[in-house]
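Number of protein chains: 2
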Amino acid sequence: MIDSSARFAKGFRMKLTPLFVAIFSFAALVFAPAAHAEETTAFRHFVSFQFKDGTSEAKKTEIVDAFMALKSKIDAISDLEWGGTENIEPLNDGFTHSFLVSFKDKAGLEAYLPHPAHEEFVRLLKPHLERVYVFDYTAKK
Amino acid sequence: MIDSSARFAKGFRMKLTPLFVAIFSFAALVFAPAAHAEETTAFRHFVSFQFKDGTSEAKKTEIVDAFMALKSKIDAISDLEWGGTENIEPLNDGFTHSFLVSFKDKAGLEAYLPHPAHEEFVRLLKPHLERVYVFDYTAKK
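First to last, the sequence lines map onto chains A and B.
Here my numbering is used: position 102 in the first sequence is 102, and no number is missing along the way.
Here my numbering is used: position 126 in the second sequence is 126, and no number is missing along the way.
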């Protein structure tokens, strides 16, 4: 009786092992890209703009859209986001639009700055830019 | 024979269903926090410091460590990272240390600012702070 239930348990485990492997492989495929995006070695290029007085809302929207479109034009960009100021404390020093450009490492930013698509964006931006703030850093947790 | 194998298949499915539920619940618990941190609705609190002349490196390290320790003290913080300037373009306006504090939404920042642990940190920082820059935004992709 003991032998028989041990054999049954062993057979049960052997049947389930490939199922576990399949399910965890699937889970790893689905969830790994999201986990990877949070790795601690990202290099960040944080940029704030203050536009010149009189820059139209339409022009600001065009500039934001052109900046965000760089993600599909420059391979080195691993992530790109932006936001308008929603400051609670008035410590944004006149800056109204910020962008956070992420790269795998500093070499990514070095490839981005002279990239023709970035230079084309700068030509669109420049006539409307009053001030810019830039802070580049290796993200540490 | 058909009836018998259908009964077997039904029994097999019924035995396995709780197993599937258990495994996927476990996978969701393990992987969901990483996936969550990358959602597009994050609210960001970006902060740059310029320290007063004469602030020792030991004091700067103490301040960085105290800031980073807020992650374990304030539940509203979903992510926290920092870095020293590695600017390629000299557009960081004298700021040398930046911190990116992430929340689920703006209510998170509203809970963070008056939190006793944050107020204690500000008391440590203030005597050594020359200037601060803050930009709060909803991250849009």
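Where hints are given, some of them may not hold.
Note that the list lumps identical chains together, so a pair holds whenever it fits in one copy or between two copies.
Taking lysine-lysine pairs in the DSSO-like style, the calculated list, with each CA pair at most 27 Å apart, reads [unchecked claim]:
1) K104 - K59
2) K141 - K52
3) K140 - K104
4) K104 - K52
5) K60 - K141
None of these hints come from the bench; they were simulated from the model.
_Ascending list of hint numbers which this structure does not respect_ = As far as the earlier hints go, 1, 4 are violated by this structure, in ascending order.
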